[in-house]
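These protein sequences, in sequence, are chains A and B.
First residue of the first sequence: 1, per the UniProt record's numbering; consecutive thereafter.
First residue of the second sequence: 1, per the UniProt record's numbering; consecutive thereafter.
Read the hints as simulated data drawn from the structure, not as lab findings.
Remember, predicted model here, so these are calculated numbers, not experimental data.
Heads up, a few of these hints could be off.
Given that identical chains are not distinguished, each listed pair holds provided it fits within a single copy or across any two copies.
List of simulated lysine to any residue pairs, SDA-like, C-alpha gap at most 25 Å [claimed, not checked]: (1) K186 with T285; (2) K186 with Q281; (3) K408 with Q289; (4) K172 with E215; (5) K273 with S305.
There are 2 protein chains.
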Amino acid sequence: MKRNVLIIGAGGVAQVVAHKCAQNNDVLGDLHIASRTKSKCDAILASVEAKKAMKVDGVFKSHALDALDVAATAALIRENDIQIVINVGTAFVNMSVLDACIETGAAYIDTAIHEEPDKICETPPWYANYEWKKRDLCAEKGVTAILGAGFDPGVVNAFARFAIDEYMDEVKSIDIVDINAGSHGKYFATNFDPEINFREFTGVVYYWEDQQWKETTMFASGRDWDLPVVGTQRAYQSGHDEVHSLATNYPQADVRFWMGFGEHYINVFTVLKNIGLLSEQPVTTAEGQEVVPLKVVKACLPDPSSLAPNYTGKTCIGDLVKGTKDGQDVEVFVYNVADHKEAYEEVGSQGISYTAGVPPVAAAMLIAQGDWDAGTMKNVEEMDPKPFFTILDEIGLPTRVEVNGEDKAWNA
Amino acid sequence: MKRNVLIIGAGGVAQVVAHKCAQNNDVLGDLHIASRTKSKCDAILASVEAKKAMKVDGVFKSHALDALDVAATAALIRENDIQIVINVGTAFVNMSVLDACIETGAAYIDTAIHEEPDKICETPPWYANYEWKKRDLCAEKGVTAILGAGFDPGVVNAFARFAIDEYMDEVKSIDIVDINAGSHGKYFATNFDPEINFREFTGVVYYWEDQQWKETTMFASGRDWDLPVVGTQRAYQSGHDEVHSLATNYPQADVRFWMGFGEHYINVFTVLKNIGLLSEQPVTTAEGQEVVPLKVVKACLPDPSSLAPNYTGKTCIGDLVKGTKDGQDVEVFVYNVADHKEAYEEVGSQGISYTAGVPPVAAAMLIAQGDWDAGTMKNVEEMDPKPFFTILDEIGLPTRVEVNGEDKAWNA
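Taking the hints into account, I'd like the entire structure generated from these sequences.
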């Protein structure tokens, strides 16, 4: 039984994590939230209070913290007897927060791979460049670290494990499909920080096929997917974290990730990229001012959090897993559908933040209850998916399965 | 007989003017070129020398000049015994250069209306806001001022006058069509300074129909034109100087201007405009830097003069004039076709600069010879077009006519 949670970060996903922790503080114990800017934490606490989200009376405190400072993070953990850390800060702080957990024995959860600011799309598998180097140390010290426990990566890893375990003798391919069929009503906007969003799409797209890493580029490989609720949607192969752990754990399967983009998004992206406006390299204006174009584009675009109140429509994220069972081909689609408006009404965030923020809280509850308290470092597909789905069903992200022409709950 | 020319400006059009003046210095006398940045004038002189453009031995000198300074401009005119000024500087200096001409008695030629930096698309007719206020003074002092003597405005005004005089008893409509069917091989570029180019397209589009001013917006009114050499091309109603003088001189005719744009140009323009990247109002980046987005877009786009070496294809600019003759409907298309590559080989500029820069030199030659030395202020359609066409035929921009299914030289 581990208790007392520290949330690191104060963006859109942290807001969802805070609300969901509050709604389950009977299981999770004391709650803390820390980021470099304490006022952003306080705004999240005020929102939790406004929604009366705390299930039982309890602690929820805000702190100022530079999460790159291992000693300061370890001190905050010790001072507050924290046993579970949910890291939803910028991707640049993963390794320092993990070090603080190893030092203090607290369990560690994150939702995305570590990144260094000056590097984009390093060599695959991405986890081997940073996180997995600490795996032996976690095992030695008995520290639980659950990597990539958002929706994708995270829930989609559990979808793959579940489809293979339940329906197959042998897996042949895992295609993860992420569709946002919602509408924010703006001419153009990104669902995350535009700088991070565009950064994700300007590098190499890695995927795993025929037991080797292959490369393509963004928008080069697209296909239409006929999906539950959201209908037919076009998605394009993109680079994504979960491809890198699933390819390691299921090397016999092809592993690909597909992200949905409308023609309008692609057109705007293409215009901005080709003109050079997505560049991180500064240009000099005729008046002699040095400016990074991408930062100007960001300043012109809507703040992603401003989209939430008017966001309508649904997301559909799932895994199409193919394999064989008793010598017969079998095909299973495991998925979730979430609703932007419902997310906003419940926790004040849009659906993209909601799907990313709910799963790490489920993981924290599983660690608190003991089911996922592995005492070492794990990716999500290495853990039993059933208790994860059970909690996700209860806290807002139900899992469904399409198999043999039937659409049903995962446990029906 | 007037002699000795001062060219004001040192951009792409000034380069063409300089070469053409040099090629005709037996008629024009001493040549001078002045701009705020003398080194740009010197680069043009070096190009004139490299092409051995001077027809006869003679003077061609560069000067530093702030053309907003009337006294300095008048002094330069007097010191060098200049009798003809060709103003191809920024549109912001027209009125100060005109004042210097009125003060010294030199003839004045320009190629575009006066603009104030903080005003876009003032009330029609545009010439009445600035230039025409000086008409009586020019007449009183006997100063020749030929307004808008580039291609459009300029040659297209003469095309209209010619079509009406030669072929009609009554004119009903004048549609000016400007097509650049050339290709510069870049993803996107503007043929003039991007800041000025985009400025032209963000305001109201004025046109003259049913004897009154009407308004539309850019890209709202488009149609396909079947044209000589360049074939079928889509053009959109745009605001342009010549509409404002032709509507005044031929109020019984509808007067419209059409500019050719490909879908790609319109798409890029639309994306940039909708995101706010064409705004002249500063935005503040997340890091606190104040930046004007349009200036960053300009810094990212190719320098227009860099397009010239690889520009291929042709321009077609002409007037479709409709009216009646002896009670019968008549329709005449008067036009010119120019070639980007030929322009570059002759004067080191692309075709857009070439068509704008050759006509004011023809106007200067007509003033030097006496034909157009009006002793007052005139728009081009108020002058005899035939000697103008004769010189343009000789110096690189021949005029052709399509009438009754026949395509021929204007004087065939």
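Against the structure, the hints come out as follows:
Proximity of K186 and T285 under a CA criterion of 25 Å is satisfied inter-copy only: 20 Å between copies versus 29 Å inside one chain copy. Only between protomers do K186 and Q281 lie at most 25 Å apart by alpha-carbon distance; the minimum there is 20 Å, versus 28 Å within a single protomer. Taking the closest pair of Cα atoms, K408 and Q289 never come within 25 Å of each other, the shortest separation being 59 Å inside a single copy and 53 Å across copies. Within a single copy, K172 and E215 get their C-alpha atoms as close as 19 Å, which meets the 25 Å cut-off; across copies the closest is 63 Å, which misses it.
For a Cα distance limit of 25 Å, the shortest separation of K273 from S305 qualifies both inside one copy, at 24 Å, and across copies, at 23 Å.
Hint violations for this structure: number 3 only, all remaining hints satisfied.
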